[in-house]
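Peer 1: Chain residues, written in single-letter form:
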Amino acid sequence: SQTIHQWPATLVQPVGSPLSLECTVEGTSNPNLYWYRQAAGRGLQLLFYSVGIGQISSEVPQNLSASRPQDRQFILSSKKLLLSDSGFYLCAWSAGTGPREQYFGPGTRLTVT
Amino acid sequence: DQQVKQNSPSLSVQEGRISILNCDYTNSMFDYFLWYKKYPAEGPTFLISISSIKDKNEDGRFTVFLNKSAKHLSLHIVPSQPGDSAVYFCAAADSWGGGGSYIPTFGRGTSLIVHP
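Which chain is which? The protein sequence lines are L and W, in order. Terminal number for the first sequence in the numbering used here: 113, no gaps in between. Terminal number for the second sequence in the numbering used here: 229, no gaps in between.
Please keep in mind that the hints were generated in silico from the structure rather than gathered at the bench. Incorrect hints may have been included.
[What the hints assert, rightly or not] Derived, one-sided and incomplete: chain W residues facing chain L with beta-carbon distance under 10 Å:
hint, residue
1, S208
2, T218
3, F219
[To be verified] Which bits of chain L does chain W cover? Going by a derived footprint, with three or more residues having C-beta under 8 Å, they are:
hint, segment
4, 42-54
5, 101-109
All C-beta atoms in this analysis are idealised placements derived from N, C-alpha and C, irrespective of residue type, glycine included.
Generate the whole structure from the sequences, applying the supplied hints.
Peer 2: Structure (structure tokens):
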């Protein structure tokens with residue numbers, strides 16, 4: 001069966017510090033991978049998605065970047081965090097073709113102070 | 114411009130009654146629709162989906178109805194239980210478009226509270 005891991009669960013970082021959130025998927029090959037952010041009352045905002053190793057698409061201009069160094073690994077990064085980067089970050093995966101559902105990780109609560 | 118709208122931010126229902134959560138969309142290219150359930154501090158979990166070739170899909174207590182002409186879908190939960198209390202997200206996708214990319218668009222969610 002497929003599982004998705006995301007860590008850390010919570011993170012408190014000062015403004016201007018770097019960020020690295022990691023997501024890994026097990027039990028599937030060549031998944032589509034996604035990073036979302038949920039801000040209060042704003043639903044799920046898609047930040048990045050990837051259809052393969054090294055292939056990253058960004059949905060919104062921002063202070064963050066993403067990388068996919070391996071097929072089932074997706075990393076969200078920032079060189080310098082802003083207060084506005086605070087939120088609940090979710091990684092998700094889906095199968096590679098056709099209509100399908102997404103499976104989400106447990107999320108990371110990031111607080112930038 | 115929101116392509117998927119959940120106009121009710123919250124809904125309160127008595128245990129045992131029906132919960133009806135609504136969702137409207139504007140993009141006529143959407144052909145696959147999903148509902149997710151989310152508890153606080155957890156990731157959303159997939160609940161039920163429906164393809165545009167159908168107008169109803171049922172799974173236990175959960176039924177999703179799709180009205181393509183109105184660009185409207187709804188999730189019915191019967192009977193509602195206190196454990197159903199969560200935020201429900203509607204999502205829609207153009208499942209074969211985007212050159213292979215699959216990017217569902219999510220609504221902002223409806224918080225359902227089921228009172229015992």
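Peer 1: Taking the earlier hints as the rules, which of them does this structure contradict?
Peer 2: none
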